[in-house]
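**Student:** Protein sequence lines correspond, in order, to chains A and B. Sequential numbering of the first sequence, starting at 1, is according to the working numbering. Sequential numbering of the second sequence, starting at 163, is according to the working numbering.
No wet-lab data here; the hints were simulated from the structure. Just so it is clear, CB atoms sit at the ideal spot from N, CA and C, and this is done for glycine as well. Heads up, a few of these hints could be off.
Restraint-style ranges between C-beta atoms, simulated for each label pair [unchecked claim]:
1) B:THR463 x A:GLY128: 14 to 24 Å
2) A:LEU28 x B:ALA418: 37 to 47 Å
3) A:LEU28 x B:MET239: 36 to 46 Å
4) A:LEU133 x B:LEU415: 33 to 43 Å
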Amino acid sequence: MNTAGRILILTGVILIACTMAFGVGYALFDEHQTLVGMGMHMATGFMEASNGNMEAAYSALDSYGALTQEYRNEVHSHGHWGMLSLILIVLGLVFDRLGLEQRKGVLLASLLAASTALFPLGVLLQIGPAASLGKILSMAGSIGMILGLLATVYGLFRSNDT
Amino acid sequence: MAHIELSSLEAQGPLASDSQRLLTIGGILLIVIGMLFGDIFAMFVLHPNNARIGEAMYTASQLIPAGDADGILAQFMAIGGFLENRGTKVDTHSHIIHMGYIALLLAMLQPWVALSPTVKQRTAWLFIVSALLLPMSIFSIYYLGLAYSPLGHIGWGSILADFFGALLALAMFIQFWGLWRYRQSQSERVQLAHPRSTNGASRALLVGGLLLLVSGFLYGAGYAAWTQTGGGGSEVEILKNIVTHAAASEQELLGADFGAFGNYQMYRAINIAVHTHINEMGILLLLMSFVQGFIHYRDSTRQRWAQLAIVSGFGLPIGILMEIKFGIFGSIVADFFGFTMIVSLTAMLFGLLRYTGARDSEKGDAA
Numbered sequence: 001m002n003t004a005g006r007i008l009i010l011t012g013v014i015l016i017a018c019t020m021a022f023g024v025g026y027a028l029f030d031e032h033q034t035l036v037g038m039g040m041h042m043a044t045g046f047m048e049a050s051n052g053n054m055e056a057a058y059s060a061l062d063s064y065g066a067l068t069q070e071y072r073n074e075v076h077s078h079g080h081w082g083m084l085s086l087i088l089i090v091l092g093l094v095f096d097r098l099g100l101e102q103r104k105g106v107l108l109a110s111l112l113a114a115s116t117a118l119f120p121l122g123v124l125l126q127i128g129p130a131a132s133l134g135k136i137l138s139m140a141g142s143i144g145m146i147l148g149l150l151a152t153v154y155g156l157f158r159s160n161d162t
Numbered sequence: 163m164a165h166i167e168l169s170s171l172e173a174q175g176p177l178a179s180d181s182q183r184l185l186t187i188g189g190i191l192l193i194v195i196g197m198l199f200g201d202i203f204a205m206f207v208l209h210p211n212n213a214r215i216g217e218a219m220y221t222a223s224q225l226i227p228a229g230d231a232d233g234i235l236a237q238f239m240a241i242g243g244f245l246e247n248r249g250t251k252v253d254t255h256s257h258i259i260h261m262g263y264i265a266l267l268l269a270m271l272q273p274w275v276a277l278s279p280t281v282k283q284r285t286a287w288l289f290i291v292s293a294l295l296l297p298m299s300i301f302s303i304y305y306l307g308l309a310y311s312p313l314g315h316i317g318w319g320s321i322l323a324d325f326f327g328a329l330l331a332l333a334m335f336i337q338f339w340g341l342w343r344y345r346q347s348q349s350e351r352v353q354l355a356h357p358r359s360t361n362g363a364s365r366a367l368l369v370g371g372l373l374l375l376v377s378g379f380l381y382g383a384g385y386a387a388w389t390q391t392g393g394g395g396s397e398v399e400i401l402k403n404i405v406t407h408a409a410a411s412e413q414e415l416l417g418a419d420f421g422a423f424g425n426y427q428m429y430r431a432i433n434i435a436v437h438t439h440i441n442e443m444g445i446l447l448l449l450m451s452f453v454q455g456f457i458h459y460r461d462s463t464r465q466r467w468a469q470l471a472i473v474s475g476f477g478l479p480i481g482i483l484m485e486i487k488f489g490i491f492g493s494i495v496a497d498f499f500g501f502t503m504i505v506s507l508t509a510m511l512f513g514l515l516r517y518t519g520a521r522d523s524e525k526g527d528a529a
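Chain A with its partners taken away, still in its complex shape (with noise of 0.2 Å):
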């Protein structure tokens, strides 16, 4: 196996161990609260209106859409992590079939690479203080991704023509 499939399988190995770690933390003590604590926003927000109190309902389902906007986006973390890291591994299997120049192809193992590993962080920093940060890393890693696996295609293009 070469220096760049190396790269790939044991990032995602890596990042795998990391986000089945992050899930089963989140699933025992959080996601429980954190889709209770929707639930009861909402029925929150009606149930203030049916007594005329506005100002609680509005605030009730203020605090629904934050928690919403919460969860979705460390669900989608989560879920970003494992299939990325499932292609890296996948990727990294058939990475010598490229017909890169061994440079060339650490330096777009390391592109993808890092980009899984980015993209999901900067969706998950959006939650917190660091959401500018947090849309930043989730942008540079999305590009990264999208010009890594066009990268990867051509690669395979070109060794079919070779």
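Fit chain B to the supplied structure of chain A, relying on the hints for placement.
**Tutor:** Only chain B this time, still in chain A's reference frame:
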């Protein structure tokens, strides 16, 4: 057989050892079962369940002017039940398919797992059996509820799902331990050839899979940008309008609000489903590209099944996207391509079984 000898054999093809056969064939079967379940779930559970959620919310809004807080709470409790019904079905569908992906991946990594053949085979069995029982336990959560549960708020379905999840983690840990042992055994290490398939069908699936993944990323990025810039409206604003118009008994406006809420939920659900299914199909095509060299058909037949898989991989998410404009017709297109993907995978599975049969027969003749 020593693990180095076994590893060399496994590196020649993904079906050389019993553990590889079990993981490859079990993995494809899990994916086929998961896709079949997804087709049935979409038709008979997803759409009726969404309608029930909408009805319960509308009923809750009708109770606002009367100040019936208990009635509203009862409606939201019912919505919780509908969401649990839907959530456990989605989880069952996605867990079966993802376990199938991991099984295929483990089959490919077997040459680098430095364990005895017996341990490898038992670990493969542990993985496949747990991978089948985990989604079945998730499926049962909604139906078993808290009946006969020894715990106050966790039912038998969840307990069993956690148990089989732990067994899967154990199987994965044993595999990682084998990989670690291979890495440590520098002196015994042999240069293994990659498990590769370089025929036309394999290349087509590899390129098709990567193109789907690029499309999936572009679609996801586009959807994220659209929602960030206010596209599709705000769920909270729609909900505020619902409670405001319900409290003022403005039925016409309330009807329009529920229309907007339904559209919001539909756009969101369909866009996420399109993004997810493009990526899932991409990964599936990549994984199937590995085993093409070991499918015992003529080249032309193998290529035909690969082409059907690629067309289905693109057609399924396109069908889901068509649901926005064409409703049920889009669902039929998506279900049709889901079915053709199942047919293609089943054909490949038969090709793999023919290969193992031919190999075993050769071995028997040689002996």
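**Student:** Does each hint hold? Answer for all of them.
**Tutor:** Structure-based check of all given hints:
| no. | hint | in the structure |
| --- | --- | --- |
| 1 | B:THR463 x A:GLY128: 14 to 24 Å | violated, 55 Å |
| 2 | A:LEU28 x B:ALA418: 37 to 47 Å | holds, 42 Å |
| 3 | A:LEU28 x B:MET239: 36 to 46 Å | violated, 24 Å |
| 4 | A:LEU133 x B:LEU415: 33 to 43 Å | holds, 41 Å |
Comparing the model with each numbered hint stated earlier shows that hints 1, 3 do not hold.
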